[in-house]
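K.L.:
I would like the entire structure built from these sequences, with the hints used as guidance.
Number of protein chains: 2
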Amino acid sequence: MALINKERLEKLKSKANDLLNRTIDQHVTLAVTGLSRSGKTAFITSLVNQLINEGSGSQLPFFTPVHQGQFIAAKRIPQKNIHIARFDYDSSMSAFVNHPPSWPEPTQGISEIRLAIRYKPKDSLLKYATEMATLVLDITDYPGEWLLDLPMLNQTFEQWSQHTVTLLLESPRRELSQGFLDKVKEIDPFQDADERLLTQLSQEYTQLLHAFRNDLGLSVIQPGRFILPGELVGAPILEFIPFPNFADIDANDYQNASDESFIGMLRARYVEYKERVVRQFYQQHFVNFDRQIVLADCLTPLNKGAESFADLKQAIAMILKSYHYGQSSLFSRIFSPKIDKLLFAATKADHVTQEQHVHVASLLNELIHPSTHQLNYDAIKMKTLAIASVRATTSGKSLHQGQHVPVIQGRRSSDDKIITVFPGSVPKKLPNDQYWQESPFKFIGFEPLHSVSAHECLPHIRMDQVLEFLLGDKMK
Amino acid sequence: MALINKERLEKLKSKANDLLNRTIDQHVTLAVTGLSRSGKTAFITSLVNQLINEGSGSQLPFFTPVHQGQFIAAKRIPQKNIHIARFDYDSSMSAFVNHPPSWPEPTQGISEIRLAIRYKPKDSLLKYATEMATLVLDITDYPGEWLLDLPMLNQTFEQWSQHTVTLLLESPRRELSQGFLDKVKEIDPFQDADERLLTQLSQEYTQLLHAFRNDLGLSVIQPGRFILPGELVGAPILEFIPFPNFADIDANDYQNASDESFIGMLRARYVEYKERVVRQFYQQHFVNFDRQIVLADCLTPLNKGAESFADLKQAIAMILKSYHYGQSSLFSRIFSPKIDKLLFAATKADHVTQEQHVHVASLLNELIHPSTHQLNYDAIKMKTLAIASVRATTSGKSLHQGQHVPVIQGRRSSDDKIITVFPGSVPKKLPNDQYWQESPFKFIGFEPLHSVSAHECLPHIRMDQVLEFLLGDKMK
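Each protein sequence line maps, in turn, to chains A and B.
The first sequence begins at 1 in the numbering used here and counts up one residue at a time.
The second sequence begins at 1 in the numbering used here and counts up one residue at a time.
It is worth saying that the hints were derived from the structure and are not from the lab.
Don't take each hint at face value.
It does not matter which identical chain is used: a pair holds within one copy or between any two.
Claimed, not checked - When the alpha-carbon atoms are kept at most 30 Å apart in a straight line, the in silico DSBU-like pairs for lysine-lysine are as follows:
#	residue 1	residue 2
1	K75	K383
2	K120	K75
3	K185	K80
4	K122	K338
5	K429	K75
6	K397	K476
7	K75	K183
8	K185	K75
9	K338	K75
10	K80	K183
11	K185	K474
12	K442	K304
13	K428	K313
14	K429	K304
Just so you know, these numbers come straight off a predicted model, no measurement behind them.
P.N.:
Laid out in structure tokens, this is it:
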């Protein structure tokens with residue numbers, strides 16, 4: 001009898017504990033996005049990989065819950081929004097498992113994955129209540145272009161046109177855009193719109209956006225859905241263009257232009273895009289994010305030149321505005337996002353030698369600084385890090401002209417050869433004219449070096465610091 | 001002075017007339033869908049083509065507004081919902097313009113096109129008010145599978161499973177489905193769901209649906225989005241399957257099963273599919289349709305055999321339920337669709353000889369009759385027609401064993417050869433066992449015979465009767 005009673009008591013205790021666990025479960029929605037092909041898919045794959053394989057040789061010394069032995073285990077559980085694509089961890093992981101390994105296929109739109117992380121609470125109040133707690137982590141992956149669209153919410157069609165046309169008329173976009181703008185200027189904006197002409201022009205504009213991104217290595221791509229249309233492919237809502245001649249038309253005529261006129265149709269479609277595409281993303285997703293990581297490849301723009309780098313800077317400034325509250329902010333307090341931590345990570349740190357990492361981080365800091373200085377970020381903690389989601393190179397020293405110089409070794413993407421190289425030095429501060437003349441840095445793409453097994457931890461640089469910043473405080 | 005005044009007066013009159021026209025404009029939303037690869041794209045292309053080129057050699061004697069000289073002109077105007085893909089008339093039309101002509105590419109989801117049709121009102125009250133009126137015609141193209149999903153709205157997961165499993169266990173689906181069902185039966189429905197297993201099983205089920213449609217020529221494909229996922233590709237909402245073992249599980253256990261269990265997860269995803277996919281289509285589109293045309297290819301199922309034909313019959317019965325109001329109806333009166341005319345068109349009438357057309361129409365009537373008989377369609381006018389949206393053959397007589405027999409001539413799809421043939425006779429009534437043993441009809445696919453110029457009318461069979469039924473009463 002005594003035994004049975006004890007068993008029953010244990011069961012009751014365990015049940016009560018379960019119940020308590022449920023009520024004190026923590027929850028974080030982490031948004032992951034990226035600029036300039038920064039390796040979003042590799043990042044999420046590595047983050048999930050490090051957590052679910054913790055214990056199997058993981059290297060997370062700077063992630064406190066692991067360092068202090070509180071971390072128990074993490075596993076994938078069914079995601080929250082089942083109408084959103086699942087982030088395909090298994091397929092992405094298989095790219096690193098294959099022989100030879102490769103980078104995973106990039107994702108095309110929004111996707112989600114959810115983890116349950118079990119840990120022993122230490123410092124927090126929780127420790128008095130329970131021996132085990134669960135942090136539920138929702139990771140949402142979305143294209144950086146969607147983030148860059150947010151400023152449109154505060155722009156009229158006229159403002160957006162002027163802003164965009166100014167951009168198109170500046171180098172390096174000017175050369176590619178001139179023909180397009182000349183064509184648009186010849187159209188009488190008050191004549192009845194020719195829908196087929198508008199389709200052609202918007203296709204031309206979309207091709208320009210692709211060229212800006214792929215050929216010129218630029219980051220400011222607007223409207224973002226034009227290059228990733230998803231379900232909207234073929235819909236007129238993606239068929240508008242910036243209008244370059246606002247200076248030449250009468251404001252009253254513009255106000256009174258019907259939706260059937262050329263300018264009126266552009267305006268109507270812009271408004272619909274704002275409301276149906278941009279605001280919908282804002283309301284359905286953006287406002288629900290707790291924490292945001294923005295991945296940026298600073299190295300490729302650095303290699304591409306001053307204009308590509310300046311464009312990255314502008315993109316970062318646009319992004320920061322979306323997180324700014326206050327009088328001059330993009331959004332009113334009521335509808336403001338609730339993000340409390342914002343991490344900018346410069347990816348591909350393994351593509352430079354180790355002593356350059358501090359320069360990469362400091363350079364990213366400099367890119368962010370002018371905006372943070374102007375704006376008031378009381379409510380948001382920000383951080384910058386130089387990381388490699390999946391480390392593709394090994395680092396060492398090589399003897400060169402009697403001196404030990406730092407080098408990296410890896411499998412070069414262009415010819416699949418193992419090379420040992422010093423790719424050059426990264427400036428600590430925003431590069432000046434002299435830097436651009438000398439261009440002392442040469443970016444070399446590398447493929448992953450060694451395959452891993454499916455349940456092995458991926459090699460990385462500073463993913464533990466990423467985890468510490470994004471999750472550490474929630475697992476105390 | 002007098003001249004100027006007269007001019008001004010004319011302008012004012014014309015303006016007043018314009019204003020009047022706008023207020024009395026008529027509007028029809030025509031929904032077009034199809035079963036069994038019935039040629040939806042060719043149909044919409046031909047319908048638009050006949051209307052916008054009217055006068056350029058069009059053959060529309062049975063379309064009263066044309067016959068009585070009231071028809072003025074039709075043109076394409078910007079569509080209503082600009083976030084919906086545009087029906088790409090120009091691309092589809094170019095398939096018929098090319099040398100040699102071909103059938104247009106099928107559309108993949110929902111698309112829209114809008115026409116403004118100008119006409120002189122004759123019999124209606126309008127004639128006293130205006131000399132010219134406009135009928136705005138919105139054409140919405142959507143996959144037949146979406147229509148077949150509507151009955152799910154009135155089914156629980158249990159009911160849907162039982163209905164679907166019964167179907168899977170019947171010939172001809174049984175042979176393909178048995179392995180899949182055996183696998184599902186081995187799963188403990190109350191264990192924690194293994195999401196990856198569920199992904200695999202739903203992929204297997206989706207492959208079955210594709211095989212039913214493409215290999216067996218079946219019409220009842222459910223859930224429809226599984227084979228046309230669009231924006232939902234990769235989302236868990238498309239990862240559920242019918243559960244075959246309801247007889248073996250306790251009703252209470254089922255009711256209490258958590259969403260994390262295998263059966264609970266199936267149920268949760270089914271419910272979400274119903275609410276987010278099926279109901280959304282119903283509310284955003286279906287309830288707004290004024291008139292519906294359902295295209296059905298009766299000839300291919302007739303050729304495929306008794307089971308394929310029976311499946312077409314079941315699909316038609318399922319569709320008819322969506323249009324039925326009343327006590328036992330699918331939807332309550334309040335949320336019921338407002339469709340007042342429903343046309344079933346048997347397409348590819350040009351693939352049989354001319355004297356068989358009446359049989360094709362009568363056969364389609366027989367397919368529809370059992371359902372219409374049971375249900376009460378007071379509010380809806382129904383009609384059946386045998387048509388060819390774009391006529392691909394010419395018909396004539398050939399001397400065979402001393403007798404003049406009817407034949408058709410066309411370019412056979414399989415080998416691109418011009419052949420003259422009598423494809424066989426179509427039964428007037430639902431075929432009996434004897435018919436299926438003899439199979440006197442052999443379906444031969446034909447490509448379009450002659451190219452047309454872009455502004456020429458496409459050859460057709462009974463498109464004028466289609467127009468008369470769907471639009472004639474709105475243009476009086």
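K.L.:
Now, for every hint given, state plainly whether the structure supports it.
P.N.:
Consistency of the hints with the structure:
1. K75 with K383: Answer is within; shortest intra-copy Cα gap is 27 Å, inter-copy 58 Å.
2. K120 with K75: Within one copy only: 16 Å inside a chain, 70 Å across chains, cut-off 30 Å.
3. K185 with K80: between (48 Å within a copy, 27 Å between copies)
4. K122 with K338: within (27 Å within a copy, 63 Å between copies)
5. K429 with K75: neither (41 Å within a copy, 61 Å between copies)
6. K397 with K476: neither (40 Å within a copy, 89 Å between copies)
7. K75 with K183: between (56 Å within a copy, 26 Å between copies)
8. K185 with K75: The answer is between: 27 Å across copies meets 30 Å, while 57 Å in one copy does not.
9. K338 with K75: Within. Shortest intra-copy distance 26 Å satisfies the 30 Å Cα cut-off; inter-copy 50 Å does not.
10. K80 with K183: Classified as between: cross-chain Cα gap 27 Å, same-chain 47 Å, threshold 30 Å.
11. K185 with K474: For K185 and K474, neither the intra-copy (55 Å) nor the inter-copy (42 Å) Cα distance is at most 30 Å.
12. K442 with K304: within (9 Å within a copy, 64 Å between copies)
13. K428 with K313: This pair counts as within: shortest intra-copy Cα distance 15 Å, inter-copy 74 Å.
14. K429 with K304: within (17 Å within a copy, 73 Å between copies)
In this structure, the hints that do not hold are numbers 5, 6 and 11, in rising order.
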